[in-house]
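Participant: Listed below, chain by chain, are the residues.
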Amino acid sequence: MSLQVDNLRVYYQTLRGDVKALDGATFTLADGEIMGLAGESGCGKTTLGHSLIRLALPMRFIEGRVTLDGEELPIWDTEKMNDFRFKKISIIPQYAMNAMNPTRKIGRMTAELLGSRKVDFKDILPELKRRLDLVKLSHDVLDMYPIELSGGMKQRMVMVLSTLLDPSLLIADEITSALDVSSQKAVAEMLVEFRNRKCCNSAIVITHDISILYQIADSIMVMYAGQLAEKASTETIIHAPRHPYTKLLISSLPEVGVKYTERRLTGIPGNPPLLLDPPVGCRFRERCPIAFEKCIEIPPFVEIEPGHFIACWKEAGTHAQA
Amino acid sequence: MLKLEEISKVYRVGAFGGKELHAVSNVSFNVKDGEVVSLIGESGSGKSTIGKMILRLISTTSGNIIFNDANISTLSGGNLKEYYRNVQGVFQDPFSSYNPIFKADRVFRLIREEFYPGTPDREWDAKIEDALCAVGLNPEHVLNKFPHQLSGGQLQRFLIARALLLNIKFLVADEIISMLDASTRIDVLNLLAELKSRGLSILFITHDLSLAHYISEQAVILYRGCVTEMGATDHIFDNPVHPYTRMLMASVPRLDKKWEHGVVDLKEKHAAVTGCCAFYDRCPIADKSLGCDKFQPMLTEAEPDHFVACYRHVER
Amino acid sequence: MKKQKKKNEFLYFTLRNRKLQIGLSIILFFLGLAIFAPVLARNEPFAYVNLRGAQPPSSEYWFGTTFFGQDVFAQFVLGLRATFLVGAIGGGLGTLIGVLVGFTAGYRGGIVDELLNMLTNIVLVIPTLAVLLIIAAYLEVRSIFTECIFIGLTAWPWAARAIRAQTFSLRTRDFVDLAKMSGMKPLKIIFTEIAPNMMSYLVMTFILQFGGAILNAATLDFIGLGPTNAVSLGLMMQYAVLWGSLLLGHWWWFIPPGAAITAIVGALYVMNVGLDEVFNPKLREM
Amino acid sequence: MQRYFSRKLIIYALTFFLAVTIDWMIPRFMPGDPIRNMLTRVSVSSNPSAIQMMYDYYTHLFGLDLPLWQQYLNFWNSLLHGDIGISTYLFPTPVTDVLWRAVPYDIFLLVPAILLSWYAGNKFGAFAARSKWLDNTISPLGYILTATPYMWLGILLAWFFGIVWGIFPIAGAYSFNMQPHLSWAFIGSIFHHWFLPFASLFLVGFGGWAIGMRNMIIYELEADYSHYLEALGAPRKLIRQYAFRNGILPQITGLALQLGVIVAGALVTEVVFSYPGIGYLLLAAIQNQDYFLIQGCFLFIIIGVLLSNFIIDIVYVLVDPRTRRGMTGESA
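Protein chains in written order, with the working numbering: chain U, 1 to 322; chain E, 1 to 316; chain L, 1 to 286; chain A, 1 to 332.
Keep in mind that the hints were calculated from the coordinates and are not lab data.
Incorrect hints may have been included.
Subject to a maximum C-alpha distance of 30 Å in a straight line, what follows is the list of computed DSBU-like cross-link-like pairs (lysine-lysine) [unchecked claim]:
id, chain 1, residue 1, chain 2, residue 2
1, L, 180, E, 258
2, L, 180, E, 81
3, E, 258, U, 136
4, E, 196, L, 180
5, U, 122, A, 8
6, U, 87, A, 8
7, E, 127, L, 188
8, E, 288, U, 136
9, E, 294, L, 185
10, U, 88, A, 123
11, L, 180, E, 169
12, L, 185, E, 81
13, E, 52, L, 180
14, L, 180, E, 127
15, E, 52, E, 196
16, U, 294, U, 259
17, E, 127, U, 247
18, U, 259, E, 3
19, U, 87, A, 237
20, U, 259, E, 288
21, U, 105, A, 8
22, U, 247, E, 32
23, L, 185, E, 169
24, L, 188, E, 32
25, L, 188, E, 81
26, E, 52, L, 188
27, E, 52, U, 259
28, U, 80, A, 8
29, U, 80, U, 198
30, E, 81, U, 259
31, U, 198, E, 103
32, U, 122, A, 237
Derived coverage of chain A by chain U (criterion: at least 3 residues anywhere in the stretch with Cβ under 8 Å from a Cβ of chain U; other residues may be distant) [claimed, not checked]:
id, region
33, 219-231
34, 234-242
35, 245-251
36, 312-323
Every residue gets a Cβ at the ideal spot worked out from N, C-alpha and C, and that includes glycine.
Please build the complete structure, drawing on both the sequences and the hints.
Facilitator: Structural data, given as C-alpha cells:
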C-alpha cells in the first residue's frame with residue numbers, strides 16, 4: 001500500500017467562518033495505482049490534492065493522518081514537509097503554464113532547484129534528457145526561457161520536472177483541462193507511461209473530466225460536497241456505479257453517438273450545498289432520489305465489495321450498519 | 001435565415017500592423033430556420049471569432065453575413081437594434097457575462113431600457129416571468145440576486161431568458177456549457193433543444209464532439225480558421241473523411257471506447273500558415289504532388305450533404 | 001438583504017484597516033485645521049503683529065513669529081487651505097484628464113489607442129516640474145487657481161496609462177459585449193458598465209494625484225514661482241530660507257509647513273495602501 | 001528587439017521635438033513681453049526713445065520681428081548648430097558655456113544619488129518583505145521618507161548638520177576661499193559640500209524604492225512559479241532570490257518613470273544648498289529673467305532625461321531575457 005489517508009479534514013478560513021472543503025476523507029492508494037479524483041467544482045478534490053503536499057493559508061489543517069510508504073506525512077508542518085516534497089511526493093499543478101520562473105533558462109532553473117535539494121544536476125542530467133525524449137521535447141529546451149515554449153510544451157516540461165526525483169506519489173491537478181484535444185491525449189498517455197517506467201510509483205489525477213479518467217485511471221474516486229462518495233475500479237465506476245450521485249453523474253454524460261432525439265439525457269436537479277454551513281448527514285440527501293430517514297446521519301465510507309467503497313446508507317445496506 | 005459568404009477575419013498584429021494573422025479564412029455556411037448548426041473547433045480555430053462576427057461584435061475583413069436578405073455589416077443605429085432584436089448571443093463564461101457589481105437581473109433592465117421603454121411594469125414583470133419559466137428557472141429563486149449568488153447553470157439560463165425577452169429568431173451559443181458542472185450542463189443543452197423545436201435557429205459553438213452530435217443536425221469543423229469538413233452531423237461522425245476530423249475523433253476521450261494507442265501527434269501548431277493547406281504541417285497523408293503545400297483545398301462534396309476540404313479525398 | 005451584507009463587509013474592512021484609520025485621521029485633522037483656519041488664526045497672515053520680530057512659540061503665538069513678526073500659526077493654517085485646494089483641484093484635474101484619455105484609449109483601441117498611448121509616453125518622459133517652472137516663469141500674475149490648472153495639465157500621463165490598462169482588460173469581458181448587444185451606445189457602456197467596476201481604482205488614482213499635486217505645488221512655491229497673491233506652505237518655506245531662519249535658528253518657521261506636507265502626503269500614501277487592502281481581497285490579512 | 005528599440009527611439013525623437021517646440025513657444029505665447037521685461041530690469045536709460053531703440057535692436061537681434069514659422073525654423077537651425085543664444089544675465093557668455101560649467105556638478109550629484117538610492121532601496125525593501133515585524137518597522141519609515149518634500153528634507157539636514165552641529169557646510173560646491181585646483185584639500189572640500197545635497201536626494205529616493213520593492217516582492221511571492229517551487233520543497237532563500245530578480249525588472253522601468261520627479265527634487269535641493277548645478281542656474285535665470293538661459297536649462301534637462309531613459313532601456317533589455325528573445329516586454 002502506497003498512500004493511506006485517515007479521516008483527513010481540511011477547512012478554508014474565510015471571514016464568514018470555515019468552509020468545510022474536505023470533511024473526513026479516508027482512503028488508500030495501492031502501489032502503482034493511478035487513481036482519478038473526480039467531482040464537480042467546489043467538491044473538495046483540489047483541496048484534497050493540495051493538502052497532501054502544500055497545505056498553505058487560507059487552508060487550515062483540522063485533523064487526520066496521512067501515511068506514505070509507511071511514514072507519516074507532517075502535512076500540517078510546512079517546514080517539515082519540505083523533506084518529503086519533490087522526493088517522496090510531487091505535484092503537476094493546474095497552473096503548469098506559469099509554473100516556471102519566466103526569467104530563468106529552464107535548465108538553469110532546474111539545476112538551482114535540484115541544488116537547493118542537495119541533488120547534483122550533473123548526475124541527473126542523463127536521466128533528464130532521457131525523459132525529455134520520452135515526452136518528445138528537444139534537449140534544447142533546457143537552454144530556453146519558458147516563454148519560448150508553447151503551452152503544451154510547458155505542460156510536458158513541468159511533468160518531467162516534477163517527477164525528476166521519482167516521487168512515490170504524484171498529484172496531477174487538472175493537467176489536461178487547458179489543452180487541445182490532441183495534446184490532451186498525448187499528456188494523459190504520457191502520465192501512464194511515466195507510471196509504467198516507475199518515474200512515479202502511484203498517482204492521483206484530479207480532473208472534472210471523467211472521460212479522461214476512463215482512458216487512463218485504474219480506479220476512480222468520486223467526491224461530493226467535501227466528502228467521498230464512491231471509490232472503485234474504473235470499469236465499475238463507469239459501468240456499474242452504486243452511489244446514487246455517481247449513477248446520476250455518469251448517466252448525464254453525453255457520449256459520442258447519443259442524440260437528444262433518440263435518447264434524452266437528464267442532469268441532476270438542484271445545486272450542491274454551500275460548504276460554509278453544510279447540511280447534517282449525507283450531503284447529497286437533498287438531491288438524492290432514494291434518500292430516506294437514515295440519511296440524516298453521515299453515512300460511513302464502507303467497502304461493499306473488494307476495492308469498492310461507497311458512502312450511502314441505502315446502497316451499502318448491511319455493510320454500513322455493521 | 002443566416003448565410004455566411006466567404007467571410008474572413010485578418011488581424012493586424014505588431015506595432016504598426018506589420019504582421020497579419022488570419023483568424024478566419026473564407027468561411028461559408030448557412031443556418032436554416034429552426035436548425036441547430038454546430039461549429040466545432042479547438043482553441044485558435046476561429047470559432048468564437050465567427051460567433052462574434054455574426055453578433056456584430058467584431059467586424060469582418062471580407063465577405064458578407066446575410067440575415068434575412070440583409071447584409072449585417074451595413075446595419076447601423078435603429079437597424080442594428082432591430083437586428084439585435086432578432087439575433088442574440090450567450091457566451092462561455094457565465095460569471096464574466098454579468099457586471100459583478102450589479103444584480104443579475106440588470107441584464108433584463110437593459111433590454112427594457114433599450115427595447116421596451118414604454119412597457120408598463122406589470123406587463124414587463126409578466127414577460128420576465130414567462131421567459132424565466134421557459135428556461136426552467138423559478139423567478140423567486142433568481143430575481144434580485146447578485147451573480148455570485150447564483151450557480152453557473154442558473155446564470156446561463158438567465159442569459160437565455162434575456163434573449164427570449166426579445167423574441168429572437170437566432171441564437172449564437174458560444175461554448176455555453178463548457179464551464180458548467182457535468183450534472184447541470186446536460187439540462188442547459190436540453191433547453192437549447194427545446195427552443196429549437198419551438199422554431200429557434202441556433203449556432204452551437206463547441207470544442208466537444210459528443211455535445212455537437214447530441215444536439216445538432218448540421219456540423220461545421222474548423223481548423224485554423226478554415227472549414228475542413230461540413231455537412232450533416234451523422235455523415236461526418238459516421239464517416240469522417242478529413243485527416244483532421246479523424247485525428248479529432250481518435251483523440252477525443254470517450255466513455256464508450258478506450259483510446260487506441262497509436263502515434264501521438266505532438267507537432268506544434270505554428271502561429272500562421274499561409275499558402276498551404278491549413279492542416280499541412282500536421283497532416284499524416286499530405287502529398288506535395290497534389291498541391292497540399294501550395295493552396296488551401298476547396299470544399300468538395302464527398303457524399304450528399306457532406307463536404308470536405310482535402311486534396312487526398314478528391315484524388316480518391 | 002445580501003447586498004446589505006456585502007456593504008457591511010466592505011465597511012467592516014474599511015473601519016478595521018489600521019492603515020486607513022491612521023491615514024484618514026491625519027487627513028481629517030489637517031483638513032479640520034484648514035476649514036476652521038479663519039476662526040483659528042487670530043491674526044492676518046502677513047500682518048506684522050509682533051513688534052519684537054522673530055520669537056519662538058508661545059501661548060500668544062502658538063507657532064512663534066517670523067523675522068518680521070508675522071504670526072506663523074496664522075500663515076500655517078491658511079497655507080493648509082492652499083495645500084488642500086491644490087490637491088483637490090490639481091489632483092482632480094489630473095485624474096479627470098487621465099480618466100478621459102485612459103477610457104478613450106482603452107475602450108476604442110486600435111489607432112486611437114496607438115496615438116494616445118504615444119502622446120502619453122511622450123508627456124511622461126518630459127519632466128513635469130521643468131515645464132511648470134518655465135510656464136510659471138513667464139506668468140506675471142499667478143493665482144492658486146492657475147497653479148492648480150497647470151499642475152493638473154502636466155500630471156495626468158501615468159494615471160492615463162494605468163486607467164487605460166484597466167479599461168483594456170475590462171472591455172474584453174463578456175458583459176461589455178452583452179451591453180453592446182442590448183443596443184447600448186459606447187459612451188453609456190463606458191460610464192455605466194466599465195467605470196463602476198473601476199471605482200476603487202479611480203479613487204486610488206485620485207489619492208495619488210492629490211499627493212503628487214501637493215508636492216509639485218510645494219516645489220513651485222519654494223522656488224518662488226507659486227501664487228503671487230496668497231499664502232501657502234511652500235511659500236512659508238521659501239521665506240524662511242530667504243530670511244535666514246536657518247542661520248538665525250528660527251526653526252519654528254520652517255518646520256511646521258514641511259512637517260504638515262510630509263504628514264498629509266504620507267497619510268495619503270498610507271491610505272492608498274489601506275484601500276488597496278480593502279478592495280483587493282488577496283491582500284487582506286487574515 | 002530591433003523593433004523594441006526603434007519604437008523607443010521614435011518616442012524619444014517625438015519627445016525631443018515636442019519639448020523643443022514647447023521651449024520655443026512658451027516665451028512667445030505667454031502673456032507679457034520678454035524683451036520689455038528685460039529692458040525694464042536692466043533699465044540703463046530712462047529716455048523713452050532710447051528704450052524703444054534698444055527694444056527694436058533686441059527684437060531684431062532675437063529675430064522676434066520675423067514671421068512665426070521663420071522664427072521656428074531659425075530656432076531649430078541654430079539649435080542644431082549648438083547655438084542657443086547668449087545669456088543676458090551673465091552677458092556675454094553663450095548659454096551653452098554657462099550650462100557646460102554646471103553640468104559636471106549635476107552629474108556628480110545625481111548619478112550617485114539615483115543609483116545608490118535605487119540599489120539600497122531595493123535591497124532594503126526586499127529585506128522588509130521577509131517578516132511581518134520588519135515590514136511593520138521599515139515600511140512606515142519608507143512612506144515618511146517618500147512623502148517628504150525634497151526641499152524640506154534639505155532644509156532639515158542643513159539645519160541639523162550645518163547649523164546645530166556645524167559639521168557640514170550648507171552652501172556652494174566648495175569652500176568660498178578656494179580656487180578650483182587639483183589637491184586633496186580641494187577634493188575634500190568638494191565632497192564635504194556634496195554630502196548634504198546628496199543625502200537629501202538619496203533619502204527621499206530610498207524610501208520610494210524600498211516601498212516599491214517591498215510590494216513587488218510580496219506580489220512575486222504569490223506568483224504561480226513561487227508556489228510551484230514551494231510545492232517542490234525549495235528553500236525560502238531560492239524563492240526569495242527569484243522573487244527579487246523578477247521584482248527588480250519593474251523597478252528598472254520605474255526608475256525611468258521617476259526620472260522627472262528626481263530631476264525636480266534635484267532642482268530644489270540645489271537651490272536649498274546653493275549648489276551650482278543646472279537647478280541653481282535655472283533659479284538664477286528665472287530671477288533675472290534671462291530667457292535664453294531658461295530655454296537652455298530646459299533643453300539640457302530634457303536631453304539629460306532622454307539620454308538616461310535610453311540608457312535604462314538598454315539596461316532593461318540586457319537584464320530581461322524576454323525582451324532579448326524577440327518579445328516586447330514592457331510596451332514603451
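Participant: Work down the list of hints and note, for each, if the structure agrees.
Facilitator: Structure-based check of all given hints:
1. L:180 with E:258: violated (45 Å)
2. L:180 with E:81: Roughly 10 Å separates the two Cα atoms, so the pair holds.
3. E:258 with U:136: The hint holds at about 23 Å.
4. E:196 with L:180: holds (25 Å)
5. U:122 with A:8: violated (42 Å)
6. U:87 with A:8: violated (47 Å)
7. E:127 with L:188: holds (25 Å)
8. E:288 with U:136: Roughly 26 Å separates the two Cα atoms, so the pair holds.
9. E:294 with L:185: violated (45 Å)
10. U:88 with A:123: violated (36 Å)
11. L:180 with E:169: holds (18 Å)
12. L:185 with E:81: holds (11 Å)
13. E:52 with L:180: Holds: residue 52 of chain E and residue 180 of chain L sit about 12 Å apart, inside 30 Å.
14. L:180 with E:127: holds (22 Å)
15. E:52 with E:196: Cα-Cα ~21 Å, so holds.
16. U:294 with U:259: Violated, at about 38 Å.
17. E:127 with U:247: Between residue 127 of chain E and residue 247 of chain U the Cα gap is close to 38 Å, so the pair fails against 30 Å, i.e. violated.
18. U:259 with E:3: holds (26 Å)
19. U:87 with A:237: Roughly 19 Å separates the two Cα atoms, so the pair holds.
20. U:259 with E:288: With Cα atoms ~39 Å apart, residue 259 of chain U and residue 288 of chain E exceed 30 Å; violated.
21. U:105 with A:8: holds (27 Å)
22. U:247 with E:32: This hinted pair is violated, its Cα atoms lying about 38 Å apart.
23. L:185 with E:169: Given pair residue 185 of chain L, residue 169 of chain E holds - Cα atoms ~23 Å apart, limit 30 Å.
24. L:188 with E:32: Since the Cα atoms of residue 188 of chain L and residue 32 of chain E sit roughly 35 Å apart, the hinted pair is violated (cutoff 30 Å).
25. L:188 with E:81: holds (15 Å)
26. E:52 with L:188: holds (21 Å)
27. E:52 with U:259: holds (27 Å)
28. U:80 with A:8: This hinted pair is violated, its Cα atoms lying about 50 Å apart.
29. U:80 with U:198: Roughly 26 Å separates the two Cα atoms, so the pair holds.
30. E:81 with U:259: Violated, because 35 Å separates the two Cα atoms, which is more than 30 Å.
31. U:198 with E:103: Answer violated: residue 198 of chain U to residue 103 of chain E is near 53 Å, above 30 Å.
32. U:122 with A:237: Given pair residue 122 of chain U, residue 237 of chain A holds - Cα atoms ~22 Å apart, limit 30 Å.
33. 219-231: Per the Cβ count (8), the hint holds.
34. 234-242: holds (count 5)
35. 245-251: holds (count 3)
36. 312-323: Per the Cβ count (3), the hint holds.
Going through the hint list in order, the structure does not satisfy hints 1, 5, 6, 9, 10, 16, 17, 20, 22, 24, 28, 30 and 31.
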